[in-house]
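There are 2 protein chains.
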Amino acid sequence: MELKIIARIYTDFDEKFGIPRQSGICKGTVGRIVFEKEYRRPEALRGIDGYSHLWLIWQFSESVRDDWSPTVRPPRLGGNKRMGVFATRSPFRPNPIGLSSVELLGIEHTVEGEVLVVGGADILNGTPIYDIKPYLKFTDCHDDAMGGFADGVLDYRLEVDFPNELLAKICESKRDALITLLSNDPRPSYKNDGEQEYGMSYAGYEVRFKVENKLLSVTGVDKR
Amino acid sequence: MELKIIARIYTDFDEKFGIPRQSGICKGTVGRIVFEKEYRRPEALRGIDGYSHLWLIWQFSESVRDDWSPTVRPPRLGGNKRMGVFATRSPFRPNPIGLSSVELLGIEHTVEGEVLVVGGADILNGTPIYDIKPYLKFTDCHDDAMGGFADGVLDYRLEVDFPNELLAKICESKRDALITLLSNDPRPSYKNDGEQEYGMSYAGYEVRFKVENKLLSVTGVDKR
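In the order they appear, the protein sequences are chains A and B. Convert by adding 27 to the 1-based position in the first sequence; the result is the number in my numbering. Convert by adding 27 to the 1-based position in the second sequence; the result is the number in my numbering.
If we strip away everything but chain A, and leave its shape as in the complex, we get (with noise of 0.2 Å):
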């Protein structure tokens, strides 16, 4: 079956380093949905605003290949323990589909028709979205799953520092968000490499920062 891209969302986060690696971590980051002309129809949305949340169904575009791998090495193991793909959210599937539920923060009506403004995506900016359908509580929600390796991941936040001469730098409405960002351990695998020192892009920023034990040290921001 041949996927039609239907629209894009446009986020803060220009590289795929830094991304969170689920939806919903960091609430601050807000998404724009933007419809292709061919699908940019109100009535499309008609009752949408019914709903507090959405799955977006979306392209993993920096991970398509043509061929496949059965295991991954998910980064929240560590990096060098390999898990079956379909026993992962890894991009690196078969089909680079990416599923995410976001929230959904308002329309506003602009000049590309009607926009879907959310919160919570973990997506890199300009991605092909497929489909977007409403969050059933009733049938999405399973309040008594069970989840693997997954349901550990709080313990890998980390505590931040972020100077105050460095965090004036950045524009007030994204702070919140980057610290929350930073404080789910950005990097790809989980070592205490003190003198390392990593690159974040993150809303036309770049973030420059160290991570020794469990704290993370901002150590630069430039305008990017």
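Any given hint could turn out to be false.
Identical copies carry no separate label here, and so any pair may be met within one copy or between two of them.
As the list claims (entries may be wrong) - Simulated pairs of lysine-lysine, DSS-like, Cα-Cα distance not exceeding 30 Å: (1) LYS108 / LYS164; (2) LYS164 / LYS241; (3) LYS108 / LYS31; (4) LYS43 / LYS31; (5) LYS31 / LYS64.
Hints are computed from structural coordinates only; laboratory data are not their basis.
Using the hints, position chain B against chain A.
Just chain B now, kept in the frame of chain A:
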């Protein structure tokens, strides 16, 4: 993007009529996911047994169309009110992709490779599967989600009168699920059309019934 079929799901639903409109409504329905030869690799499932629930991304194989309509008429609204397609889970969408959460009941080792046995699948027998992902409670479960008309879905339950002599014709392991399916009102829309007889196929049986007010009466059962 061209999607590859990675597996097919085999269920007791040989016809679209009678399939629950969302997954999990009838937990007693059991499906078996058989991988296509290319994807029949046991290591691709490594770790999946640590999860209680899975997401399936699949093709609405009976709803593939070249064109699309921005609005649809959800059966739960009586079939005469139009809603935006992106505000519904209707199969008639620009990309006919279905999304269902199912319970992982077990993994069978068979001559067709590892088979995932799942509960609650609202999916037609033989449906192509494009992706399988673990259900992650911390990111997929939104207790606080609000949801338009679908919130009232339980109001549509029917009482079921299944005469003993007819029930006896049904294999015992299929009875509970069938009664749950009937109680969820499989009719395409809501009418108090006491005279009309409907026929529904399930698990190799043809079940006939009528509905008057909130009572569904089974009128006949045949082996198909």
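Cross-check of the supplied hints:
{"no.": "1", "hint": "LYS108 / LYS164", "verdict": "between (34 Å within a copy, 22 Å between copies)"}
{"no.": "2", "hint": "LYS164 / LYS241", "verdict": "between (35 Å within a copy, 25 Å between copies)"}
{"no.": "3", "hint": "LYS108 / LYS31", "verdict": "between (35 Å within a copy, 27 Å between copies)"}
{"no.": "4", "hint": "LYS43 / LYS31", "verdict": "both (23 Å within a copy, 25 Å between copies)"}
{"no.": "5", "hint": "LYS31 / LYS64", "verdict": "both (12 Å within a copy, 27 Å between copies)"}
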